[in-house]
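With these hints in hand, go ahead and build the complete structure from the sequences.
Here is what each chain is made of, one letter per residue.
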Amino acid sequence: MDPLILIGAITVGGILVGCGVHFIQVGGAPAAISTATGVGTGTAMLAAGSGLTGIITAAAMTGQPLWVVLAAGAVGATLMVTVTMVFANIIYVYGIGIVPASAKVPIDPITKSPQEKYVTPGTEGHGIPTVCFISGIIGSAIGGAGGGLIYYILNSALTGLSYGAAGAATVAGIFAVSIFFINAVVASYNIGGTIEGFHDPKFKKLPRGILASLVVSLVSGIIAVLLIL
Amino acid sequence: MVDPMIAGLGVVALMGAAATISGAAEDLESDVGSMSNPNSQVQLAPQMGNLHRFFNKAISGEPVMWGAWCGIAGSVAFVFIKLNYPIIMAMAIGSFIAALIHSAYAVTAYLGRTASQSQFNQPLYLDIIVTHLGPIAGHGFIATFGIVGLSYLMTLPIPGLAHPFPLPLLAVIWGITMGAIGSSTGDNFYGSEVEYQHLPHGGGIPVASHGDITTKAGIGARNNIDVTNICSKFAGPTTGLAFGLIVFLSFWITIVFGTIGGIIAGIVIIVTLIFMNRRIELFAKDTYGPYRE
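Chains A and B, in that order, give the protein sequences. Just so we're aligned, residue 1 is where the first sequence starts under my numbering, counting upward by one. Just so we're aligned, residue 1 is where the second sequence starts under my numbering, counting upward by one.
Calculated directly from the structure, the hints in this document are not laboratory data. Please note that the accuracy of each hint is not assured.
To be verified - Some but not every residue of chain A turned toward chain B, in silico, with C-beta under 7 Å: (1) S34; (2) G42; (3) G76; (4) T78; (5) F87; (6) I98; (7) H126; (8) G173.
Stated by the list, open to error - With a straight-line cut-off of 30 Å between C-alpha atoms, the simulated BS3-like cross-links for lysine-lysine are: (9) A:K117 / A:K204; (10) A:K112 / A:K202; (11) A:K205 / A:K112; (12) B:K285 / A:K117; (13) B:K233 / B:K216; (14) A:K117 / A:K205; (15) B:K285 / A:K112; (16) B:K285 / A:K202; (17) A:K204 / A:K112.
In this text, all values refer to a predicted model and were calculated from it rather than measured experimentally. Don't be surprised by glycine CBs; every beta carbon is placed ideally from N, CA and C.
Structure (structure tokens):
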């Protein structure tokens, strides 16, 4: 495979991952104690968990056309995040007894339902309202497709070399997981703590995050060329 | 001869069952060892004047930690399988080794974290280590055993499965995913409800109350065995169901509907879940009402 295609595809995949992480609503420790809206885990952690599920489902389609691998990655990652968000809300609503509400917008842009009066005084919202839910789905789909693209291109580049079929899939998988983590962590530094989704003011930092992902993915792509030399 | 699709469905169902048990054990381990984001409050409590008898362990981010344990268990199991040991025994040996390392890290994490709080007069209780270490290692063993089991099942040469990744890599990835799910679902119940049980039920935790954790149990001082007792009735099984459903659905759709049909079925399930989530949100708004008009 042409090294430039490998570098280009890894860079595009990395940018997709970095972009997707910005959509995923994560509240970190404050969300785990219902002081902030979103899923109660770290930015990189949920994105990585979903993206890696996407890589597993994408890798299960090894040998299929590119669009099938990308779609499988996107669907796998989105399924993981969607089920996690539903069960998180089940715990928030039925276990903790709170109403999912955002403190970043007075009215949910999708359902148009008011938010402010449902926020517990002294907190920055809690639970996962619909706008955050939809944002998480968009983010995981983009991130999962990005992870799938990185896996697909690496697996295609390594197949036929001295790695063997199993070795190619394994090395491609490890590299895809690594590049996913790198971009998820870079994006989480750009977010700086918590984000509710595309309606959060922090989402405006996205262009800077994409630039950072471009740089780290480009470097990762150049390192990946060493695998096919 | 069993139809390959039926065999595939059976294996996927078994994977879902293993994932459900693993997910529940993972969440309960994070309760008995006080792991992940809610542990920030256990760490903060002595600074706010609330001395406690909680275990205090956050070895790393929960997903990465589980990736490490499951990776160790999967790698050791992989080696023993290649040495022609029986599969179950190989998985048990791998999970046992992971549980030993887990225990060592749990002890050092507790000692290190508690020692760092000596300036706030937080005592270090040796009996807490003795009583909590068994449940931590036990839940860890169950969780890693389940993950290695489902990872092994994924590699079986059955249509729809036969995953190209080797057992150790699958175990690492599923471990990370399980940690992310446990950290996102069950831990919220520990952090928002059980950790602040003396605050009124039905609200978020105001910033002013941070660190004011519930330090008293029904009888005597509260510890994480009390916490796990409560969490095992709701948060643990819910986390298990979430992880089991993710593992099951991820492969069920392709085995039943094929490659393209599986992708479409996945999208249909996602749309259904969007509506289900909206129903839950509306239920909460209608039932609990606003905090202020």
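Consistency of the hints with the structure:
{"no.": "1", "hint": "S34", "verdict": "holds (4 Å)"}
{"no.": "2", "hint": "G42", "verdict": "holds (6 Å)"}
{"no.": "3", "hint": "G76", "verdict": "holds (6 Å)"}
{"no.": "4", "hint": "T78", "verdict": "holds (5 Å)"}
{"no.": "5", "hint": "F87", "verdict": "holds (4 Å)"}
{"no.": "6", "hint": "I98", "verdict": "holds (6 Å)"}
{"no.": "7", "hint": "H126", "verdict": "holds (4 Å)"}
{"no.": "8", "hint": "G173", "verdict": "holds (5 Å)"}
{"no.": "9", "hint": "A:K117 / A:K204", "verdict": "holds (26 Å)"}
{"no.": "10", "hint": "A:K112 / A:K202", "verdict": "holds (21 Å)"}
{"no.": "11", "hint": "A:K205 / A:K112", "verdict": "holds (25 Å)"}
{"no.": "12", "hint": "B:K285 / A:K117", "verdict": "holds (10 Å)"}
{"no.": "13", "hint": "B:K233 / B:K216", "verdict": "holds (20 Å)"}
{"no.": "14", "hint": "A:K117 / A:K205", "verdict": "holds (28 Å)"}
{"no.": "15", "hint": "B:K285 / A:K112", "verdict": "holds (14 Å)"}
{"no.": "16", "hint": "B:K285 / A:K202", "verdict": "holds (27 Å)"}
{"no.": "17", "hint": "A:K204 / A:K112", "verdict": "holds (22 Å)"}
Checked against the numbered hints above, the structure violates none of them.
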